[in-house]
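Asks: The chain contents come next:
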Amino acid sequence: MEEATLECPLKPKDFASDQEVKWCPGCGDYAVLNAVKRALAELNIKKEDATFVSGIGCSSRFPYYVDTYGFHTIHGRAAAIATGVKVANPNLSVWVASGDGDSLAIGGNHFIHAIRRNINMNLILFNNEIYGLTKGQYSPTSERGKVTKSSPHGTVEDPFNPAELALGAQGSFYARVPDTDVKLMTSVMVEAEKHQGLSLVEVLQNCVIFNDKVHAAITGKETKLDNQLILEHGQPMLFGAEKNKGLRLNGLDLEVVTIGENNITEADILIHDETLVNPTLHFMLSRMQLPEFPIAMGVIRNVNKNVYDQALHQQRADEKTNSKFASLNDLFLSGNTFKVV
Amino acid sequence: MTLKFGIQNNYKPLPFGEIREGLMKTELESVVIKFAGDSGDGMQLAGSLFTETTANIGNQIATFPDFPSEIRAPQGTVAGVSGYQIHFGKSGVHSPGDAPDVLIAMNPAALQANLHNLKPASTIIIDSDTFKKKDFEKAGFDGNPLEDNTFSDYKVIEAPITSLTKTNITDLGLDNKSMVRCKNMFALGMVYWLFNEPLEKTINFFDNKFKKLPAVCEANKRTLQSGHNYAETIEALTSSFTVLPAKKQPGTYRNITGNQAAAWGFLAAAEKAKKDLFLGTYPITPATDILHELTKHKWAGVKIVQAEDEIAGICSAIGASFAGDVAITTTSGPGMALKTEAIGLAVMTELPLVIVNVQRGGPSTGLPTKTEQSDLQQALYGRNGESPLVVLSASTPADCFDWAFEATRIALEHMTPVILLTESYIGNGAEPWKIKLTEELPDIHPRTLDSYDENWKPYDRDTEKLARQWVVPGTKGMEHRIGGLEKDECTGCVSHNPQNHAIMVATRQNKIDKIADFIPLQKYKGKDATKLLVVGWGGQFGILFGAVNDLQKEGKNIAFTHFNYINPLPKNTAEIFAKFDRILVCELNNGQFADYLRAQFPQFTYEQFNKVEGLPFKIKDLKNKFNEMLEAGNA
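Chains W and F, in that order, give the protein sequences.
Numbering of the first sequence is given in my numbering, commencing with residue 1 and proceeding in unit increments.
Numbering of the second sequence is given in my numbering, commencing with residue 1001 and proceeding in unit increments.
Just chain W, same shape as in the assembly:
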């Protein structure tokens, strides 16, 4: 809030608010906070031009910790409230911080419709597959059979894959990142902000208290190179400690192959194109599950599409130009009026 600091290029620490961060020690949310602050600095966004909107849950405390404008709202509704913020002032950089319970359970409707409308904002989905703030109930992303406080005998329902929801809602930008890779997360956040339209960033986030190591098979030091495929636009889909494993199409399915085996060369490996309008391959990448496949990370989809808030403001401008009314008085006095003397 110091006037003087606003004139210099901002550093990540300049985006820290004066509030003590109260997440549990070791929580994955800290990494997201760091990555976002780095991205804001890298993007050279002015503090007053950024607004963070959140719902309810551990991750929804996020706005209190960023020294920009912030609105900690009600459970599930952040995307709807952020829609109003962005439509009211399209010049703002609008970010939504929301968890898997917040966005995929109570706020599922707003989540899919914000994506469908393609509002120009960023939605960070903190997916820890558990309800943390209410102390450990299963969420819409918890795996079938998950034993939690509210499912002592295991759940009897299948989870959502957030990417499938997003692509099914005709999403224009979807990225996935682990909370263990702040560098990747920062670059993805930068791409998300640059994208025109709704950018969904799913963070595989660890809850140290209620769902510790839920993503460990993906993020563990020993396994991550084999279990993560970090996608880069225009680059072959290679992964593994030796960078010798890759994906290719076999009929209508993806398959994992190893370069040097069965006459496979790098030329056989699929090249990632995040701009493919047809979402089929992006669906296939985002659906990949262990152990048969690695988990796809990075920007999976990034396509141009009509942007809701831009179209809305264009209509207003067009109507202003074309209207037969120049003022409210013109409107009030139009049509059938009569005088009483």
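What the hints contain is simulated information worked out from the structure, not anything from laboratory work.
A few of these clues could be false.
To be verified - Restricting the straight-line Cα-Cα distance to at most 25 Å, the calculated cross-link-like pairs of lysine to any residue (SDA-like) are:
| hint | chain 1 | residue 1 | chain 2 | residue 2 |
| --- | --- | --- | --- | --- |
| 1 | W | 22 | F | 1457 |
| 2 | F | 1298 | W | 321 |
| 3 | F | 1138 | F | 1075 |
| 4 | F | 1212 | W | 336 |
| 5 | F | 1274 | F | 1112 |
| 6 | F | 1457 | W | 21 |
| 7 | F | 1296 | W | 17 |
| 8 | W | 46 | W | 17 |
| 9 | F | 1274 | W | 48 |
| 10 | F | 1133 | F | 1167 |
| 11 | F | 1620 | F | 1154 |
| 12 | W | 194 | W | 170 |
| 13 | F | 1296 | W | 316 |
| 14 | F | 1212 | W | 323 |
| 15 | F | 1434 | W | 341 |
| 16 | W | 46 | F | 1474 |
| 17 | F | 1274 | W | 329 |
| 18 | F | 1525 | F | 1212 |
| 19 | F | 1274 | W | 288 |
| 20 | W | 13 | F | 1477 |
| 21 | F | 1134 | F | 1144 |
| 22 | W | 47 | F | 1212 |
| 23 | W | 339 | F | 1168 |
| 24 | F | 1296 | W | 48 |
| 25 | F | 1133 | F | 1179 |
| 26 | W | 47 | F | 1448 |
| 27 | F | 1434 | F | 1092 |
| 28 | F | 1201 | F | 1168 |
| 29 | F | 1476 | W | 43 |
| 30 | W | 324 | F | 1251 |
| 31 | F | 1211 | W | 336 |
| 32 | F | 1209 | W | 328 |
| 33 | W | 243 | W | 283 |
| 34 | F | 1296 | W | 323 |
| 35 | F | 1209 | W | 337 |
| 36 | F | 1133 | F | 1112 |
| 37 | F | 1523 | F | 1608 |
| 38 | W | 194 | W | 112 |
| 39 | F | 1623 | F | 1092 |
Just so we're clear, the structure is a prediction, and the values are computed from it rather than from any experiment.
Given the coordinates of chain W, assemble chain F onto it according to the supplied hints.
Replies: Just chain F now, with coordinates in the frame of chain W:
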């Protein structure tokens, strides 16, 4: 009022307003007419065209469209009857009227639906082509009601409307369905003749509406004229009435519905606050017309989000308010229920927001197209926690403009959500509005702070209003966070401190209470009365006023006060109540305002007159009740 018919001789068309020789000419103070037919018969159009014409020649008018919630209920059934009632005249038009003097019934079902509500000796125009056996059986008559004594006390005009409509337009090449569709204009033509009203306005309407469909245009115009000619030709229809033009305040008027007036009030308020208007909403009967109206006016800068649900409707509005727009959301009862949690967020974050509830019959889906005032306590109390906000109500279709404007003013100047209660009856009803030009309206002063102030905190307040300031994203150096968690009264940071919570709860209440210092004192009509005070609120104003007015003219000891400011109440409310022996609270619910008054001013005794039938009061019923109480006082 009894209408008298005489014999028509040597009819010649005359300019409007001149008395025809040879006719029993009846000059009337005011008349109620009702168009009724199948919901596909075009009754709403006939009614609204008549309204335009009669308003344009300077009558006072009040209208009441009464339509089924089914889009097209089975043809010829009572469930499918759509009605449009118009009360017009030179004076005494305070409501759409109890019962019609002239009923136009396009089929037996329309007759059946209005049978319980006919005045003795009133005139009924029916389409005799629709009175076949299967038609009156479908409508629930045992036999042909025209052939028994059912209508012996009425003046019934049987006209073969459907067949005459078709006969006159067969040469235009329209299919049967399109020809039959014109029959509402035949009926309208007859009514114009009956009331000596000009056809030009309606002819112009068709010239504009069907520019590209000349055959349809011609068919409608010709049918209108045929109806008019028919009425003047037939022996049965032997009189016409001149309703004397109204004496009104000089000015320019237009006909307006309550929902349209509310929409325009918000446009005007945003302009006077020098802000953009934002509407976040979800379609719901009977509030959707506010959305329909505002969406035409993007040229005026309005931003509209038709959201995925009621919750997103209000939430987008709250987001827009946070970002600096004049934010409103519009709904009806069930939608209010869904918006409840978000309203609490607006209370907690002390953001300006107007929530319009065009009330309908409840609970649950209830009676979507019918009127009621049963969401008052929901507005006052329907949230978790101590959650005070401002509740206002509008009185008439035209004054929805003023109350939309006032609701916005209070929201912006006092930093609070405001609930504006209207009701189906006035939202869809119409009356002449004396046009207010924007320069006649006061400026609105939002509590905006748009420059850097190093000492500012989000919950700093002024002492006069206890309102915080509105600092919107984009304001340099003033970055801050608000939210639904309780905040420290000084720093604005999250606080769970017990004393702080108590202070904040009290402050939020005091802020609303203090608004009573910024609103006018309550008025009442009947300065010399002492016996009976009639208390009303909301959209039943016209009917209550009319009933009290009639008794006051008879010299009865009765007074009337009508509330638009519900929370807070005007500061002199108790002073007015103290002047009277008895207080009667009249409302379309089981006593919600009466209960509220009991809580506010327990020193008085409140008697109740309630109606929960999905319909407005009737002047007759009110007068009976008032007289009964006045006479009991004499005994």
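Asks: All hints, please: hold or fail.
Replies: Results for each hint:
1. For the given pair, residue 22 of chain W sits about 22 Å from residue 1457 of chain F by alpha-carbon distance, which is consistent with the 25 Å threshold.
2. For the suggested pair residue 1298 of chain F and residue 321 of chain W, the alpha carbons sit about 11 Å apart, so the restraint of at most 25 Å is met.
3. Taking the CA atoms of residue 1138 of chain F and residue 1075 of chain F, the gap is about 9 Å. The hint holds against a cut of 25 Å.
4. Of the supplied pair hints, the one linking residue 1212 of chain F and residue 336 of chain W holds, its CA atoms being roughly 22 Å apart against a limit of 25 Å.
5. Taking the CA atoms of residue 1274 of chain F and residue 1112 of chain F, the gap is near 53 Å; set against the 25 Å cutoff, the hint is violated.
6. For the hint pairing residue 1457 of chain F with residue 21 of chain W, the CA-to-CA distance comes to about 20 Å; that is within 25 Å, so the pair holds.
7. Of the pairs offered as hints, the one joining residue 1296 of chain F and residue 17 of chain W is violated, with about 43 Å between alpha carbons and a cut-off of 25 Å exceeded.
8. This hinted pair checks out: residue 46 of chain W and residue 17 of chain W have alpha carbons roughly 14 Å apart, not beyond 25 Å.
9. At most 25 Å may separate the alpha-carbon atoms for a hinted pair to count; residue 1274 of chain F and residue 48 of chain W meet this at roughly 22 Å.
10. Of the supplied pair hints, the one linking residue 1133 of chain F and residue 1167 of chain F holds, its CA atoms being roughly 23 Å apart against a limit of 25 Å.
11. At most 25 Å may separate the alpha-carbon atoms for a hinted pair to count; residue 1620 of chain F and residue 1154 of chain F meet this at roughly 20 Å.
12. Taken as a hint, the residue 194 of chain W and residue 170 of chain W pair is honoured in the structure, with Cα atoms around 19 Å apart against an allowance of 25 Å.
13. Distance restraint check for residue 1296 of chain F and residue 316 of chain W: the Cα-Cα separation of roughly 10 Å lies within the 25 Å cut-off, and the hinted pair is therefore satisfied.
14. Between the alpha carbons of residue 1212 of chain F and residue 323 of chain W the distance comes to roughly 22 Å, so the proposed pair stays at or under 25 Å and holds.
15. Between residue 1434 of chain F and residue 341 of chain W the CA atoms are separated by roughly 12 Å; this keeps the pair inside 25 Å, and the hint holds.
16. Of the pairs offered as hints, the one joining residue 46 of chain W and residue 1474 of chain F holds, with about 9 Å between alpha carbons and a cut-off of 25 Å not exceeded.
17. Annotation: proposed proximity of residue 1274 of chain F to residue 329 of chain W holds, straight-line Cα distance about 16 Å (limit 25 Å).
18. Of the pairs offered as hints, the one joining residue 1525 of chain F and residue 1212 of chain F is violated, with about 53 Å between alpha carbons and a cut-off of 25 Å exceeded.
19. For the suggested pair residue 1274 of chain F and residue 288 of chain W, the alpha carbons sit about 53 Å apart, so the restraint of at most 25 Å is broken.
20. The suggested pairing of residue 13 of chain W with residue 1477 of chain F holds, with an alpha-carbon distance near 16 Å, which does not exceed 25 Å.
21. With a CA separation close to 10 Å, the supplied pair residue 1134 of chain F and residue 1144 of chain F stays within the 25 Å bound.
22. As the CA atoms of residue 47 of chain W and residue 1212 of chain F are separated by approximately 56 Å, the hinted pair breaks the 25 Å bound.
23. Distance restraint check for residue 339 of chain W and residue 1168 of chain F: the Cα-Cα separation of roughly 36 Å exceeds the 25 Å cut-off, and the hinted pair is therefore not satisfied.
24. Distance restraint check for residue 1296 of chain F and residue 48 of chain W: the Cα-Cα separation of roughly 33 Å exceeds the 25 Å cut-off, and the hinted pair is therefore not satisfied.
25. Annotation: proposed proximity of residue 1133 of chain F to residue 1179 of chain F holds, straight-line Cα distance about 23 Å (limit 25 Å).
26. Our distance criterion of 25 Å between C-alpha atoms is met by residue 47 of chain W and residue 1448 of chain F, whose separation comes to about 19 Å.
27. Straight-line distance between C-alpha atoms of residue 1434 of chain F and residue 1092 of chain F comes to about 17 Å, which keeps the hinted pair within the 25 Å bound.
28. For the given pair, residue 1201 of chain F sits about 21 Å from residue 1168 of chain F by alpha-carbon distance, which is consistent with the 25 Å threshold.
29. Between the alpha carbons of residue 1476 of chain F and residue 43 of chain W the distance comes to roughly 18 Å, so the proposed pair stays at or under 25 Å and holds.
30. Using a Cα cut-off of 25 Å, the hinted pair residue 324 of chain W and residue 1251 of chain F holds, with the two alpha carbons roughly 24 Å apart.
31. Restraint check for residue 1211 of chain F and residue 336 of chain W: the C-alpha separation of about 18 Å stays at or below 25 Å, so the hint holds.
32. Between residue 1209 of chain F and residue 328 of chain W the alpha-carbon distance is near 24 Å, which keeps this suggested pair within the 25 Å criterion.
33. A hinted pair counts as satisfied when its Cα atoms are at most 25 Å apart, and residue 243 of chain W with residue 283 of chain W qualifies at roughly 23 Å.
34. Taken as a hint, the residue 1296 of chain F and residue 323 of chain W pair is honoured in the structure, with Cα atoms around 10 Å apart against an allowance of 25 Å.
35. Distance check on the hinted pair: residue 1209 of chain F and residue 337 of chain W sit about 18 Å apart at the alpha-carbon level, within 25 Å; holds.
36. About 14 Å separates the Cα atoms of residue 1133 of chain F and residue 1112 of chain F, which keeps this hinted pair within 25 Å; it holds.
37. The straight-line distance between the Cα atoms of residue 1523 of chain F and residue 1608 of chain F is roughly 20 Å, inside the 25 Å bound, and the hint therefore holds.
38. In summary, the hint linking residue 194 of chain W to residue 112 of chain W is supported, as the alpha carbons are separated by about 21 Å, within the 25 Å threshold.
39. Between residue 1623 of chain F and residue 1092 of chain F the alpha-carbon distance is near 15 Å, which keeps this suggested pair within the 25 Å criterion.
Checked against the numbered hints above, the structure breaks hints 5, 7, 18, 19, 22, 23, 24 and satisfies the rest.
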